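Engineer: Residues per chain are reported as follows:
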Amino acid sequence: MSASNDPALQQGAGLGMRIGIELVVSVIVATGLGWAFDKWLGTRPWGMIVLFFLGVAAGMVNVYRAVTGVKMAVGFRRLDEASAPKAQDWDDEE
Amino acid sequence: MAIEIKPLEQFTIERIVPLHIGGLDVSFTNSALFMTIAVLVITLLTVVATRRAALVPGRLQSLAELSYEFVADMVDTNAGHGAEPFFPFIFTLFMFILVSNLLGLIPYSFTVTSHIIVTFALALLVFVGVTIVGLAKHGTHFFRLFVPSGVPAVLLLLLVPIELLSYFIRPFTLSIRLFANMLAGHTMLAIFGGFAASIGFLAIFPLSINILLVGLELLVAALQAYVFAILTCLYLRDALHLH
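Chains as they are written, first to last, in the numbering used here: chain G, 20 to 113; chain R, 13 to 255.
Next comes chain G alone, as it looks inside the complex (with noise of 0.2 Å):
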C-alpha cells in the first residue's frame, strides 16, 4: 500500500521510518523511568545515571536489531531456529 507494489521497497522504507526514533525514544524513556525511581525510591542521582546508560545500550540493541537482525527474533536467535516450521500450512489463498 506503499508507493510501489516492489516489496523490497516497502519493506526498506518502512524500516528506515522504524529505526530513526528508536534510539531516541529509548534514551528518553530510560532516563525518565531512572528519574521517576530516584524520586519514588530517593536514590537521586543514581537511578538516573544507570538507567541513561541503560537505556543507550536498549536503544543501540533494538537499532542494531532492526538493521542486521530483520531476520532474527528477540533473543539473539536466527529466524529458522527461532521458528522451525515455516509458514507453509495455511496457504488458502488459491
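In case anyone wonders, no lab produced these hints; they're calculated from the structure.
The calculated label-pair distances, taken between Cβ atoms and stated as ranges, are:
1) R/Tyr80 to G/Ala27: 18 to 24 Å
2) G/Met79 to R/Leu219: 37 to 43 Å
3) R/Pro164 to G/Val75: 18 to 24 Å
4) G/Met79 to R/Thr62: 44 to 50 Å
5) R/Ser220 to G/Lys58: 47 to 53 Å
Here are a few chain R residues that sit away from chain G, every Cβ distance over 12 Å (derived from the structure):
6) Glu21
7) Gly35
8) Ile118
9) Ile144
10) Met200
To give a feel for the contact side, a few chain G residues facing chain R, derived at Cβ under 10 Å:
11) Met36
12) Ile40
13) Val48
14) Ala49
15) Gly78
16) Val80
In this text, all values refer to a predicted model and were calculated from it rather than measured experimentally. For every residue, glycine included, the Cβ atom is placed at its ideal position computed from N, Cα and C.
Given the coordinates of chain G, assemble chain R onto it according to the supplied hints.
Structural biologist: Then chain R, alone, in the frame of chain G:
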C-alpha cells in the same frame, strides 16, 4: 497585514456533545467523531463492497480485497506460523490507523492519530496483548526471552536489564513514532499554509511546497500504518516462537 499563524490549533480537542458521568468527562469530542467516521468508513468498505461479491471485482470490492490480501500477506510472512488467529486483530489495527491517517489529510478534518494518548492506547493494547499471548503459550518459559542464550553468567547481569528495557520500551517507540510523524507533518502543512496566507501573490511558493508535502503526507500516512502493523506482527512472532 499580519495574519496570526496558529499551526497547532488544528489539534485542539473540542467537545461536540458535552457529557459528564460521575465526575468523568466522557464528552463526545471531535476526536471521537473522527474515530467513529473511520470505523464507519472501514465497515462500509469491507461490508458493503463485498456484499455482492462479483467474480470480476468492481472498484470498491477490489480495494477491500487488496487491503485484505496485503495484510494477510504481511501476517503470513512476518508473524510466522501460528499467527493466523491474530489476523483479524492486525487487519483491524492496520485499517483503523490507515483510515484515521488518511481522513486527517482532508482539510478541516481532525487527525486522531496525532494525539499521543490515542496511539499510546493502541500500542499498549498491542504490548499487553502480545505479552499475554506469550505468557499463555509458554508459561514461565516466556521469560527466557530476556535471557540471551550462550552468554557467561557475569554478562547476564548486564544483558538481562538491557533486554528487559528494550522490551518495555516497545509501546513507547511504537506510539511515539506514529504520533510524532502525524503531528510533525500536519504542523508543517499548517505552517506553510499560514505563510501563504500572509505574503500575498508570493503565496505560490509555499503553496507549491504544500502540494508536494501533501503527497509526502499520503506516503507517511500509509507507511506509518504499515510500520505499526508490521511491528505488531514482529512482536507477535517473538511471543509465539521463543524456544
